[in-house]
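Chains as they are written, first to last, in my numbering: chain A, 35 to 349; chain B, 13 to 118; chain C, 134 to 225.
Careful: at least some of the hints might be erroneous.
What the hints assert, rightly or not - Not the full set, but computed from the structure, chain A residues with beta-carbon under 8 Å of chain B:
#1 Thr-223
#2 Phe-226
#3 Leu-227
#4 Leu-231
#5 Val-234
#6 Ile-236
Said to hold, decoys possible - What the simulated footprint calls covered on chain B by chain C, stretch by stretch (three residues with Cβ under 8 Å from a Cβ of chain C suffice, anywhere in the stretch; the number is not a length):
#7 27–36
#8 45–59
#9 71–84
No lab work stands behind these hints: they were computed from the structure.
Note that the coordinates shown come from a computational prediction; the quantities given were computed from them, not determined experimentally.
Built from N, CA and C at the ideal position, the CB exists for glycine as well.
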Amino acid sequence: MTVALALEMALAAVVLGVATWTIAARETFAAVVGFVTYGLMLALIWVRLDAVDVALVEAAIGGGLGGVLLLGAAARLRVTETLAATARPGATVRVGAALLSATVAAALATGVILLPDPAPTLAPAAAANATATGLGNPVTNVLMAFRAMDTMLEKVVLLLALVGVWSLAPDRLWGGYPGPRHHADPLGTLAFLARLLPPVGIVVGIYVFWTGKDHPGGAFQGGTILAAMWLLVMMAGIADAPQVSSRRLRIVLIAGPGIFLAVGLAGLAIGSAFLAYPVAYAKPLILGIEIAMTLTIAATLGLLVAGAPERSARQ
Amino acid sequence: MSVAINIITIVAITAGAFFFLAGTVGLLRFPDTLTRLHALTKADNLGLGLVVLGLLPQAGSLRGGLKLLCVWALALLAGAMVSQLIAREASGQRGDSVTGHDGPVS
Amino acid sequence: MIEFMTTVLGFILAMLALGLVRILRGPGDADRMMAAQLIGTGGIAALLLLGVVTAVPATVDVALTLALLATFASIAFVKKGRANAPDSTEGA
Chain A
35 MTVALALEMA LAAVVLGVAT WTIAARETFA AVVGFVTYGL MLALIWVRLD AVDVALVEAA
95 IGGGLGGVLL LGAAARLRVT ETLAATARPG ATVRVGAALL SATVAAALAT GVILLPDPAP
155 TLAPAAAANA TATGLGNPVT NVLMAFRAMD TMLEKVVLLL ALVGVWSLAP DRLWGGYPGP
215 RHHADPLGTL AFLARLLPPV GIVVGIYVFW TGKDHPGGAF QGGTILAAMW LLVMMAGIAD
275 APQVSSRRLR IVLIAGPGIF LAVGLAGLAI GSAFLAYPVA YAKPLILGIE IAMTLTIAAT
335 LGLLVAGAPE RSARQ
Chain B
13 MSVAINIITI VAITAGAFFF LAGTVGLLRF PDTLTRLHAL TKADNLGLGL VVLGLLPQAG
73 SLRGGLKLLC VWALALLAGA MVSQLIAREA SGQRGDSVTG HDGPVS
Chain C
134 MIEFMTTVLG FILAMLALGL VRILRGPGDA DRMMAAQLIG TGGIAALLLL GVVTAVPATV
194 DVALTLALLA TFASIAFVKK GRANAPDSTE GA
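Full structure from sequences and hints, please.
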């Protein structure tokens, strides 16, 4: 039992314990706290598995934004919480669900343990072709060059999710301000924190995006940090959310996938295939797309958490 | 020279771990939410500071050391202010309602 | 040195686990709000040590992100954790 092995077992035990507690928690707020804790601890495991890019995303989305999204949903469901607590499913359903979950988990574990010893992977091929774009981070290479189509479509899916959230508003509120108007004492602690932290957060967000060229990081992680800072400013009441019908907002929202699509079509027209980058211009093109994508991701994630319009336009 | 650096690292990190222990003992044994919050933020932040101090000589470059200091400064700053918010929440919003400002910080 | 740091890392994780048990059990929402704060300090210390132990220098970036996002989560807990009215007005 080496020290490293003991450490890994301790880490796994902590994460499993928190996950079990999250499922068993009775109140929604407690469960959300458990979920955020679970996400932040999972980032440690990702670092241990040498997947720092995934650790960044886990800390940002699983820890921060996912938790806040669930809290917002829990706040809206508070009215029905007492009703739901009395309507728990019967013992047969719960035992059946437990057996099914255990079976799926066992099947996954067996699949992972029985992998052949050099597990089938394309990682060496991806690393070997890094000269195609000139970027040093193999994850960014895969995301932005080798599987750029998937990344572009993901951004479109994010946009569709946002439109879906907006469509939950009643007709008369369409185009209005998302979420309630937050107020905080302008001389209080929260307002002070919301004035002090976002500049630091913006610098960190841009840094995490920029360092994604050659080190772990990237547009998604940077955009999520920027979104969190924007949400902080909105939650403290320092700035209001923009109107959903605002033209500038909508231009920012489509900038990312729009530029991605434009570069792709240009590749079709000028180059050899859709989303083919000419080797000489690959790096500046990718960086340009990533800058637009960071802004779009920040705006989209911020608006997703802010919610559907709740106040009519021009209030 | 490297022996001295290693000794500094070991001493600082051990002290940091000790303060983490103190903070956790306080967290487990104190009777009240506010006292537990106090143990958590003060002792654990000091432990983090000592751990960062111990890791500074091991950082490869000036840039690495500055990044470590930035992480610590951010954690300290955010922790100090968030603990105020949580404490206000835990004690039931005991602010000055006439002027609307926060209550006197004691 | 690496074994020493791994031991301290395991120790800090154990402290984190004990703290989590106490905090998550604590009656009332005010206790549970401290969970993000606990991870914001203990988790960052663990990450920094883990970065040196596994010799991955980019871990400091994860610690930086964790510091920011744990703070953000704490603030969200405080704002939305009230048992009473929804979060449209705020006095803090």
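Enumerate the violated hints, using their earlier numbering and listing them in ascending order. 6
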